[in-house]
Amino acid sequence: MEASLARYIWTHTKKQQLWILMIVVLSMIPYFMSFDLPKLIVNGPIQGRGFEQPGATQPFMRLHYNLPFIGEVQFFSGFQLDREETLFALSLVFLLLVVINGLFKFYINTYKGRLGERMLRRIRFDLVDRVLRFPPVYFKRVKSAEVATMVKDEVEPLGGFIGDAFLQPVLLGGQALTAMLFIMIQNVWLGMIAVVIVAIQIVLIPRMRRRLIVLGRQRQLTARALSGRVGEIVDGIGTVHVHDTSNYERADIAARLGLIFKIRFDLYQWKFMVKFLNNFLAQLTPFLFYMLGGYLVLQGRLDVGQLVAVIGAYKDLPGPMKELIDWDQDRQDVQVKYQQVVEQFTVEGLIAPSIMALTMDDPDPMTKPLSAINLSIADDGGAMLLNRISLQVKPGETVALVSTATGGAEALAEAFARLIWPDSGKVASGTDDLLELPEAVTGRRISYASSDVFLFQASLRDNLLYGLKHAPLTSVPYDGAAADQHRWNIHEARRSGNPDLDIHGDWINYASAGATGPHDLFEAVRRVLDAVVLSRDILDLGLRSSADLTRHTELARRIVELRAALRTRLEQEGLSGLVVPFEPGAYNKEATIGQNLLFGAAAGPELADRALAANPYFASVLRQAGLDRTLYEMGLEIAKQAIELFADLPPDHQFFQQLAFMSAEEIPAYETLLQRLKNRPYEAVSENDRAMIVTLSFAYIEPRHRFGLLSDELMSKIVAARNRFYEDLPPELHNAIERYDPAKYIAAATVMDNVLFGRVGNNHPDAPDRIRSIVYDILDELGLYGELLDVGLDFNVGSGGRRLTGGQRQKLDVARALLKRPDFLILNRPLSALDQRMQDKVLRNVLEEARRDGHSPAIVWVVTNPAMAMMFDRVVVFDSGQLAEDGTHETLLAGNGIFKELLS
Amino acid sequence: MLLKDEVGMLQRVPLFSAIEPTKLKLLAFTSDRVSYSAGQILFRQGDEGDAAYVILSGRADILVDSDSGPIKVAELEPNSIVGEIAILCNSSRTATVRAASPLEALRIRKDHFLRLMREFPEMTIEILRVLADRLSHTTADLIDARSAK
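Top line first, the protein sequences correspond to chains A and B. Here this note's numbering is used: the first sequence runs in plain steps of one and ends on residue 914. Here this note's numbering is used: the second sequence runs in plain steps of one and ends on residue 157.
The hints are simulated quantities; they were obtained by calculation from the structure and are not laboratory data. Everything numeric in this text was worked out from a predicted model, so none of it was measured. You may find that some hints are simply not true.
Claimed, not checked - Between beta-carbon pairs, the in silico distance windows are: (1) 676/A <-> 29/B: 49 to 59 Å; (2) 662/A <-> 29/B: 18 to 28 Å; (3) 257/A <-> 29/B: 38 to 48 Å; (4) 29/B <-> 783/A: 38 to 48 Å; (5) 464/A <-> 29/B: 56 to 66 Å.
Claimed, not checked - To give an idea of the interface, some chain A residues facing chain B are shown, with a C-beta separation under 8 Å as derived from the structure: (6) 655; (7) 713; (8) 718.
Beta carbons are placed, not taken as given, at the ideal position from N, Cα and C, and that holds for glycine.
So that you can see chain A by itself, here it is in the shape it has in the complex (with noise of 0.2 Å):
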């Protein structure tokens, strides 16, 4: 990127520039036209200039030059209009004027703008390029929040600027001469010293904004620092909170706060302090025109009416020099930000563009073997953790690395990875630098996952297919305004400097992962799901999360035919007892109260939770069905019990758990509440109060509670209030709620819900367990196994994968390389998060699944235990960054080296 602000404006902008500029001048024209014509106006038709005799007429619209040399030449001889016609005519040219200025300001402002904006689109993007192409080792040093501070908050200021960026110096430089000029034509003394003031701002007021230049930097840097120092608050907030040093960085935020608030300070002091100079410098010149054109005139050097002119032309000189100044000012503090920037962004072996290109059509297989070549690497504190290591792994080898704590076999990974670059020596595949292939085949061909796993804020789905995204396959038909929007996106897209490829589109490189399209793509992620053992832990969470149904419509589908099929299992092995299934007719006892007046799931909030109890329609049913005061009365005995068992308890006691009625910090609420209640009738109860009590008797469950506050009248009373709430529903609450229909899939609940369709008994520990792994039995039979997984492959991880388990992630990360089936898998200690077991059982599966259908990729393993060595065809040993020993695994153990000794 260009060093300089304007260099980088000009190369990008310079039609544009220009374009604008002749629309500037062009814009003159009316401008000046419409300055002249209130004169025409006031001097002509107003105070009758020219209409001295009644009935005299004046043309209007005449159009005649003198032109030199011909003469007068007349083109037009105009109308004739009298003395009001004229005030019309004249009036009317004034408002066409005003439009016509308008429409020029309309334009220019529009056109400047888009212009910066472009601009903007652009700077941004080449920055956010530039971190794609930067060298590995850049990333150890700098801070991720100041990267994106840097793109997104640092080169805003250049979108504004940059439409005047030549616009505005040359417009005003402009005026400004003119005003000197008229000056200089009416009086060269005066002239002069109008001049010498100027100068005295040219150079004065630039060598006063040095110091302002000099802070805005500090202000930037500071900023910078401080966004950088929040990220890492965020992301280190466990270890602040285990260390107890919130206080600390209590104390670090504060400090840096007070020092960008004294440079900020420091900076309006003497913002305002050139402003007032300025001011002041301005001011000057008219004083000087009083006192010595004054003094002139009466020594009787110069007439009254020259000095006049000169204070009237003199009236239109600050004004342009004071922009012009603003100008120079903007100029310099975004020239700031902008050398700022690029110098972060400006690194040694920046990759070059060729090695990312976009490339369509798969590479070819790599073939030939993948070698370290004398490599050396060493670590930033120049310590080796590589000496010279010459190894080669053939195609279809299976190789371990197994490594000593300082052995250096991670870093022989990271470079087959690419992941960090030789210090000496090379990788290389056959006799091609792995460094000068282009990323589409090592990207492609070699697989790469190790412990230190990152995921993207996206569905799981999204992560293990990210493997896959390499170019856009399959470009999207669009039609009607989509497409003119997408035909707007390409062209503005190629105006920035932008790249036109279609997130949209397919990205999705389906034949890698040994599939045809999106149809089959899911039996090899269920393959690589099961070789990782992670399928378990989706589909519990497909279960737990309800089913977007626009995708997943077989389960829809199909969800009567489940429940009969779960019903008819729990009769087969005496376990009806388990599950009370959800009648429209009947009281489930399992359920709440609130459940069964309801027998729906709330889809919004007008019916959710607390609000149910408050809902008008909802409070009006209850009084018809005359539960209203039962349903009262029921709320303060629970409330009445719920204070005395838990009353003396302190709120954070783990007992709370258990009260599904109210939570610690309301105790307290409806201690004072009953109090308030205590004697009073029914009636002289308030609504909000009474929603307050009544909302406790929805969440009571009569086996789970046990206070007896259920009788068979009660529950009968409660199964006719529901469908009285359903007869009559207006039509708001239509989309708050879906009604528990024994046909009907209900999409506000869990999948397991909608299976379940009804409520697990209360009195039994190990159902919910019993029942879940009967419930993947039936998934299964009925072929909707696969579906449920998809179900729980929506999942969304979190930042940076945080919603799911260590484990977990380190499992997604290796599913994801193996997703792709590479000609080289690279695993550096992929699954340390788990136990020893787990490790072999996950290493026996993802052997046997790399080599499925014939494939026979090489395996470069960094095992994290040396028994795991068993496993492989090759093992090979580090220590202290040397290559101890390689062979296979019989003859490295019955050798007495650091293999065996590793061994035992």
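Starting from the known structure of chain A, arrange chain B on it as the hints suggest.
Relative to the frame of chain A, chain B by itself:
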């Protein structure tokens, strides 16, 4: 059976007899009511101890594994508590408990039980007393057994 009946039952368990009814009610409320049919296993020998059980109704057998299969060593009746030793000692279950008839029980979770002991010393003392009592019985049995040899 309602909460207040369970409190009545708990009061009849020697371990809890000296504890205030309100505390017992809290214990009952925070425990799970569980039911088993005859032959179902409450827990197995060797499992980790995560809860104690108070038998509310029905009977259960205590079984210990031996070379010749499980041997029934005792029978549990309503109002008895079982499984508290594994909770207190952090050890695994020393025996298997199997329902001998339809069984209703209160399942007191380990953390709840320990929390109650910490908060209500009178309960802890009572538990100590019962345990000491058992120990002296066991010692007496041991002496009898040794002297009978």
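Here is how each hint holds up against the structure:
1. 676/A <-> 29/B: 49 to 59 Å: 25 Å, violated
2. 662/A <-> 29/B: 18 to 28 Å: 25 Å, holds
3. 257/A <-> 29/B: 38 to 48 Å: 47 Å, holds
4. 29/B <-> 783/A: 38 to 48 Å: 41 Å, holds
5. 464/A <-> 29/B: 56 to 66 Å: Roughly 57 Å apart at Cβ, these two residues keep to the hinted range, so it holds.
6. 655: Given a least distance of 5 Å, the restraint on residue 655/A holds.
7. 713: 7 Å, holds
8. 718: The hint holds - residue 718/A has a Cβ within 8 Å of chain B, the shortest such distance being about 4 Å.
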